[in-house]
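> Here is what each chain is made of, one letter per residue.
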Amino acid sequence: MSHAKPLPHDAAALHVTGAARYVDDIPTPAGTLHIAFGLSEVAHGTLDALDLAQVHAAPGVIAVLTAADLPHANDVSPSAHDEPLLATDRVHYIGQPLFAVVATSHLAARRAARLGRAEITKAPAILTIDEALAAGSRFEEGPRIYTKGDAEAALAAAPRRLQGSMEIGGQEHFYLEGQAALALPCDNGDMIVHSSTQHPTEIQHKVAEALGTPMHSVRVEVRRMGGGFGGKESQGNALAVICAIAAQQTGKPCKMRYDRDDDMVITGKRHDFRIDYDVGFDDEGRICAVDFTQYARCGWAQDLSLPVADRAMLHADNAYAMPHVRITSHRLKTNTQSATAFRGFGGPQGMVGIERVMDHIAHSLSLDGAELRRRNYYPEMDSGTPPETTPYGQPVTDFVLRGLTQTLLDSADYDARRRKLAEWNAANPVIKRGLAFSPVKFGISFTLTHLNQAGALVHIYQDGSVHLNHGGTEMGQGLFQKCAQVAASRLGLPLEAIKITATDTAKVPNTSATAASSGTDLNGMAVAAACDTLRGRMAEHLADTHGGAATDITFAEGKVTIGDKVLTFAEAAQSAYGARISLSATGFYKTPDIAWDRIKGEGQPFFYFAYGAAVTEVAVDTLTGEYRILRADLLHDAGASLNPALDIGQVEGGYIQGAGWLTTEELVWNDEGRLTTHAPSTYKIPACSDRPEVFNVALWKGANPAQTIYRSKAVGEPPLMLGISALLALSDAVAACGSGYPALNAPATPEQVLSAITEVQGT
Amino acid sequence: MSKKTHITLKVNGKSEEFLAEPRELLIYTLRERLNITGPHIGCETSHCGACTVTVDGKSVKSCTMFAVQAEGAEITTIEGIGTPDSLHPLQEAFKEHHGLQCGYCTPGMITRAAKLLEENPAPSEEEIRFGMAGNICRCTGYQNIVKSIQAAAAEMNSSQSSSSEAVGHKTTEAAE
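Here the protein sequences line up with chains W and B, keeping their order. Here my numbering is used: the first residue of the first sequence is 1, the next is one more, and so on. Here my numbering is used: the first residue of the second sequence is 1, the next is one more, and so on.
If we strip away everything but chain B, and leave its shape as in the complex, we get (with noise of 0.2 Å):
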């Protein structure tokens, strides 16, 4: 057995601390050490995307990431994004523009087009296409993922635009 590294890390705002061995993965340590199972385990070489999180500010495939390349690092999952009781635009709009089916993909691919907002607070149509490559779906066809990313994206720059009485966002509709 190899020996272990101490590591510090936050995760979604909170402090861990932990030894493991220098091939752990960040998706073991997530999942199985801290017990956060909102990134999935999809294809473990960096293809499909499932496993997104963003690392100090840059989205990463968790699956080919070491726990101790993140020494020190900030990690936000889905978990940090929102909550049911507090959806952030992004969760909102993929729940009403069904921008998910089975729902595997789900998690990384919002961490994904948060962080795509980001970068780009508002992606042409081609831009989000191109964006979001890297993350696959093999039930919707894209089409409701990209709506809920252009729906959430108008919701974000709309309150942003409409300061300070804008508090949460406003639900928006349901699609067709």
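Next comes chain W alone, as it looks inside the complex (with noise of 0.2 Å):
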């Protein structure tokens, strides 16, 4: 059997040999031409002209278009049709498009678009969160807000009581590979995109809407992305629809790609938040009640911002059982690019917010924050004792932490080490030493449930091999070869003998965005439905032609076994061939037993949920606030891993973007609305110097209760909440420097942890 194999990524050869094609990489046919956009300056105004003469003056210029060259649609929005591609009557941020150039070369595009000139008359612009609030820019009519019991109340009777409030910068998701779009022009008006997108439904929808065509008359094809995290859910859809306007006007291929500071100007990044808490609690550190009110700044457009607003409130809880909560979220609009999705969707930051509120817990009460945590613990799943609900009503029935956290505390050796650590610090007055415990709970399924469907196409060829296609994209997370491994164990098939195939809207349609942690989930699920379809229809052939019953023949390492007689699964294939037996089948799969109510906030959204801890030990010096991660351990559960090496490779890489996005990966805005963190130079993504001294990744071993393929558990996501536990340990490491709470903001950059030093040396 091909699943449950550490095998290394399918394209692996490809891409240590530099053969694997990104978009950028596709051999363009000849004339093909190149589009940039200019953009505004302006972060809020009214357009009043736009001045392109020199624009359309410039060496290479083809053709210049603004709002008014648009035949149809001028909307790139995902959700509420609220994004133009190319500004009208006004600008909403600094970056937003203003017009677009078509020219024989991307830098002579790029050149051309420098030369623009807008007349913008300013208006105030709306940049922070409390700018936001004071003009009532929001979206949606006002808060949404979950409750359970009663927090105010059980917040006035609660032994004790804490207060405070924090600020979760964003993140720039910085996918190696920028934003990239090729479009071809066919006959009678059709159009073949390849684009750098999570999402080709949504690139070839909004394709047709801008064309004027049924979507029938668009295709497209993603091999695979360099990178997407989230940032290529929607953020691709201007690139992917300028250049099918363009390819339909001037009659050529049309090929854009983001230069990185553009890129980073121009799309969505995570949203920031503030959290503001207000816990009651008894002697013993167990939550009474909580009450928190999170602030997300969502930008210019909605974009994903509500559902991602409420998957932090969705995760507010994180792995504690908690009687009496209110969550409040107020979903503001700004002058700012428009926030998007990035990798877990909203839940880290709701999940940074109650893990704050533990950390403070722990400090007020002199506690250790895995004891304070564990006290808090929804029961344990198969533990006698009857399971408790989320505050949004759902039944908690696969919770394992209690196992896992005894299993990573006993590995990491957390009682030494923190003993050690205290000794170390008693001893040392310049590098103190932080050791901190986070675990993570989060929702698998699509809060919008109907996007919890996958398609997929599998063809068997006369010589036996196989052609596989799903809706998924690849992104670097293994889904194709996951995929494959799923196909070859249910044909009996090497896994050599599959095909992996580009993720193409012609071969699967209406597909959902690979996202949520999802692609395997679903797209594993609908795989297995196409080969059983089709192992099925050889089966009975073969139990026709041979006789037997179809449900006796077995398939098996490539060949087919009917009683007595054993065919090569070629064999097998050309008998049924021969016989007019469809070949090719079609599989689908729709999540079972979830139902949502955003509104009410009442439900069962997600389908189960995924767990891990991590422990992570910081040394940091107090003279300058730099710090180091010394030693991070993680134990993740990814169910009956499909495949082990690329869960690690999941649960480590996630870590440290966690890490990075709540340490040193700092967004600056400055006082007109000018992102001035546009490049890596300025931007700081964890480096392999960055990375722990000491880092013990291990999945935990449990078969998903839920049943998913193979009881698999889906790993995008989760995993980069480990990360949260590096911000712990440096609050901790901040914390032995006085007898103060540190309460550090995120990204905890060495000034951050610099100053909250100073705060707790002075109280």
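Simulated from the structure, these hints should not be mistaken for laboratory data. Yeah, the Cβ is synthetic: ideal placement off N, Cα and C, and Gly gets one too. Keep in mind that a hint or two might mislead.
As the list claims (entries may be wrong) - To be clear about the criterion: a stretch of chain W counts as covered by chain B if any three or more of its residues have a C-beta under 8 Å from a C-beta of chain B, and this derived list gives those stretches:
| # | segment |
| --- | --- |
| 1 | 466 to 479 |
| 2 | 654 to 666 |
Said to hold, decoys possible - Computed cross-link-like contacts, BS3-like style, restricted to lysine-lysine with a CA-CA straight-line distance of at most 27 Å:
| # | chain 1 | residue 1 | chain 2 | residue 2 |
| --- | --- | --- | --- | --- |
| 3 | W | Lys507 | W | Lys148 |
| 4 | W | Lys5 | B | Lys147 |
| 5 | W | Lys252 | W | Lys507 |
| 6 | B | Lys147 | B | Lys115 |
| 7 | W | Lys684 | B | Lys115 |
| 8 | B | Lys14 | B | Lys3 |
| 9 | B | Lys147 | B | Lys58 |
| 10 | W | Lys684 | B | Lys14 |
| 11 | B | Lys4 | B | Lys14 |
| 12 | W | Lys684 | B | Lys4 |
| 13 | W | Lys5 | W | Lys499 |
| 14 | B | Lys115 | B | Lys10 |
| 15 | B | Lys10 | B | Lys58 |
| 16 | B | Lys14 | B | Lys115 |
| 17 | B | Lys4 | W | Lys701 |
Build the complex from these two chains, which are given one at a time in their own frames, with help from the hints.
This is the structure in structure tokens:
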């Protein structure tokens, strides 16, 4: 059986030789044109006029397009139709595309785009959470509120109470491959689009709208992305649409890729949040009630902000059973990039909120953080204690964190290191160390229930080779390999017999974005369904031919066994073909047992939860605020892993990306609303030298009680939140500098840490 | 338009000769003029390392070097290090030890690692971590990249010490 093996990434041999093609590597036909956007230099105002004479006159320029030149829909929004491809009468942020230059080369287009002059009457720009609140600038009519029990009364009655507030910064995706698209015009007005996107169907949809054609006239193909992380769920729309429009108008293939600085200035990032909290607890640290107010800075357009903010609310409990909870969520509209999906999709921000509360309580009670967290955990699965419900009414029936935590704390030698660390800190006035534990419970499924569906298309050819296609996209996570492993297992074939093919809207229609960690859960099941259909047809035919029952026929190791008779898979396929049996099948899957009312905040939004936990140790230089991660121990629940090597890769990469978000990755906008951290020179992504000196990573052994593909669990997003332990370890180290609570904001850059040290030393 | 300059250079052992504007960057020469698309464009400001190539024995971010500066130079890209049928030990190790996910940084990463191992055939873990700090990977968390380089170094050193018997290199075991 092919599944459960730690096989390399399907394209590893291509990647290591530079032979794997991304959109920008696809050889283009002669005469291909290139596109660049001219961008707004003003955060908010009225667009009075565009002077594009110099742009038209620039070398290599073929055409210049403004909103007035767009023949049909001028909209690249994935949700609320509030995101014009090119600005019309108003501009909403610095970086908003105003016009598009079509030229003979990438550089000619970029150079010309700089020559445009926009006359904009400035209006006051709303940039911050406070400004948006003051102006009532928000999405939805008012805040969303989810409640369980009576938080107000329980807070008033609680033996102890703490309040606080925390700022949580956003995050740039920094997919190594920037956004890119290539549109090839075909006869009869049809269009083929190659896009670096997590959501081919949406690209197809938006391109069709913009061209004024039915979706059947547009075919979108995605072989791979050079990283996505949520940043290619909706942010590729603009490039694909402008390429298609320009291709339609010029009759030439058109291509666009954002320069990195443009990419960072134009596209949305992780939402930054402020979270206020008011928590009541007893002398043992058990939470009686918590009241959260979450403020999400959503930027200028709605994009995916509503479900992102919902998911932040849905993770405000993390791993803790709390009897009385109120969560209030404000979705604020600002004159900045439209914040978008980013690995975790709001969940990480909600989780940081409750982990901050835990940290604050532990400090106030002088209680170990791991112990405090365990006292508040949900009841363990199969422990005899009845499950408790989340603040949104879903019973937590698959909780494994009690066992997982004990295993991790033992393997990480937590207690002994905690003692040693206290000794170190007592003896060392300058370098302080910090140690922290944090758990993750992450809900799996799209909260928009209808998205939880997937399709697959599988062909068996006469020679027994298999063509595999499904609706998921490959961005490095290993989805293609996992689905191929599923197909190989179902058909009893070696993996080499399965040809993995590019995602293609003409093969599998109406796909959901490869997002919400759901890629393998959904597409793996669809692939299994298609393969089972084909195997069933072959078995029935062979039973008819050779006698016996179809159900007794086995498919294994490239052989088909019918009683005493053994055929190669190729012979079986040839025989089925000769008997006019269809060797092509689709497969379809929809996640069962989910239902969700996002307005009321009630229901069963998640099919199951994925779990994990981390212990991180840091050292902080108290004179400069600089720090290093000395050691990280991670234990993560991927269910019965389909591919432990790929899953461990997700866990390691997720942790580093999460730790980066909360430590060094700082986005800074100036008073005009200009993003000043628009390149890796000013935005600090973890480098090889930043990774923990000791990094122990393991998978929890346990099958998913929910009926997923081979009882595996989704693993894309959850490990990102293991990085929260790095922030908490910094808090622990700073707390060792004085008696006050550090109250670190995120990202806890060295400047933040130094200022917190000064603060706690003064108290 | 600027006056074009006559440039000759050697890429992966093959001589190339062309006229280019003085401002043409080496990464554009490689990717667009010579159709060598292994080196990728990541940041275009020499921070991410996706475009790393070797120029006259030095690791260079080809996005911030002019083609004219490479006049007469010998350049090696990922394509010159090995092919799918004949992988360099580093390529084999990155494949087998899962030193990649999306793969976009991989060509630059391996090209840099090859140079690192030339400079220092038996680097410590710390020397690898700091020697590779100019190449960003957003997916892996670097753990398996470091493992891959360690495995390749061990492989290369052992095949060197076992002298003439070693033809090619052994297949490494899958990690984990």
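> For each hint, tell me whether it holds in the structure or not.
Status of each hint after checking the structure:
With a threshold of 8 Å between beta carbons, the proposed coverage of the segment 466 to 479 of chain W by chain B holds, since 4 of its residues qualify and at least three are required. Closer than 8 Å: that is the beta-carbon criterion, and the segment 654 to 666 of chain W has 4 residues meeting it against chain B, so the requirement of 3 holds. For the hint linking Lys507 (chain W) to Lys148 (chain W), the alpha-carbon distance of about 45 Å lies beyond 27 Å, and the restraint is violated. At most 27 Å may separate the alpha-carbon atoms for a hinted pair to count; Lys5 (chain W) and Lys147 (chain B) meet this at roughly 19 Å.
For the hint linking Lys252 (chain W) to Lys507 (chain W), the alpha-carbon distance of about 25 Å falls within 27 Å, and the restraint holds. For the hint linking Lys147 (chain B) to Lys115 (chain B), the alpha-carbon distance of about 17 Å falls within 27 Å, and the restraint holds. For a cut-off of 27 Å, the pair hint linking Lys684 (chain W) to Lys115 (chain B) stands: about 25 Å separates their Cα positions. The straight-line distance between the Cα atoms of Lys14 (chain B) and Lys3 (chain B) is roughly 26 Å, inside the 27 Å bound, and the hint therefore holds.
A distance of roughly 23 Å separates the Cα atoms of Lys147 (chain B) and Lys58 (chain B); the hinted pair therefore holds under the 27 Å criterion. Between Lys684 (chain W) and Lys14 (chain B) the CA atoms are separated by roughly 38 Å; this puts the pair beyond 27 Å, and the hint is violated. Proposed proximity of Lys4 (chain B) and Lys14 (chain B) is supported: the alpha carbons are some 22 Å apart, at most 27 Å. Taken as a hint, the Lys684 (chain W) and Lys4 (chain B) pair is broken in the structure, with Cα atoms around 38 Å apart against an allowance of 27 Å.
Annotation: proposed proximity of Lys5 (chain W) to Lys499 (chain W) holds, straight-line Cα distance about 18 Å (limit 27 Å). In summary, the hint linking Lys115 (chain B) to Lys10 (chain B) is supported, as the alpha carbons are separated by about 18 Å, within the 27 Å threshold. Only pairs whose Cα atoms come within 27 Å are accepted, and Lys10 (chain B) paired with Lys58 (chain B) is accepted, the gap being roughly 15 Å. Proposed proximity of Lys14 (chain B) and Lys115 (chain B) is supported: the alpha carbons are some 20 Å apart, at most 27 Å.
With a C-alpha separation of about 63 Å, the suggested pair Lys4 (chain B) and Lys701 (chain W) falls outside the 27 Å cut-off, and the hint is violated.
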